[in-house]
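A.B. asks: Sequence:
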Amino acid sequence: MLRQRRKKKEIRRAAVRQRIRRRVSGTAERPRLTVFRSVRHLHLQLIDDVEGKTLVSVSTQEASFKEQSFRQGATVPAASAAGKMLGERAKAVGISKIVFDRGGYAYHGRVRAVADAAREVGLEF
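In this note's numbering, the protein residues as written are 283 to 407.
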C-alpha cells in the first residue's frame, strides 16, 4: 500500500517534470535554474541547455555551505541560504536573468525559499 502510494507520487512528479521541461529551456544569456530536493540535501544548478553545460551550481553538501552551521541541509533556512549563494555566484559570472525549473515539485517550502532568495540577490525570473 505504502509502496504503491510512493510509486504513484514519483510517476506524477516525473510527468509534471516532463511537462515543465517541454516549456522551459535555458540559454547562455538566460540559463535554467533547476532544483533537486532530497530528504537530506538540496542541489541547485544554472544550466545552458543549448550547449548542455552547467554554468553555476550550489549544493548543501559543499564544504563552504557546511561552515554556515545549519542543522541539516534540507531545511527552509538552508534552502534560502543556498538560493542566495547561487545568486551571488551567478552575478559573479555575469548572469542576471534566469528561467526557473522547479523540477516537478510544488512551489512551496524549500523550492519557494530558493526562488525568493535568488530574487533578493538580484536575479530576474
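Treat the hints with care, since some could be wrong.
Here are the in silico distance ranges between beta carbons for each label pair [to be verified]:
1. Ser307 x Met283: 37 to 45 Å
2. Pro359 x Met283: 29 to 37 Å
3. Glu333 x Ser378: 35 to 43 Å
Taking lysine-lysine and the BS3-like style, the derived pairs with C-alpha atoms no more than 27 Å apart in a straight line are [stated by the list, open to error]:
4. Lys335 x Lys373
5. Lys366 x Lys379
6. Lys335 x Lys290
7. Lys348 x Lys366
8. Lys348 x Lys373
Rather than coming from a laboratory, the hints here were simulated on the basis of the structure.
Cβ atoms here follow ideal geometry from the backbone N, Cα and C, with glycine treated the same way.
A.B. asks: Of the numbered hints stated earlier in the document, which are not met by this structure?
C.D. replies: Hints 3, 6 contradicted; others consistent.
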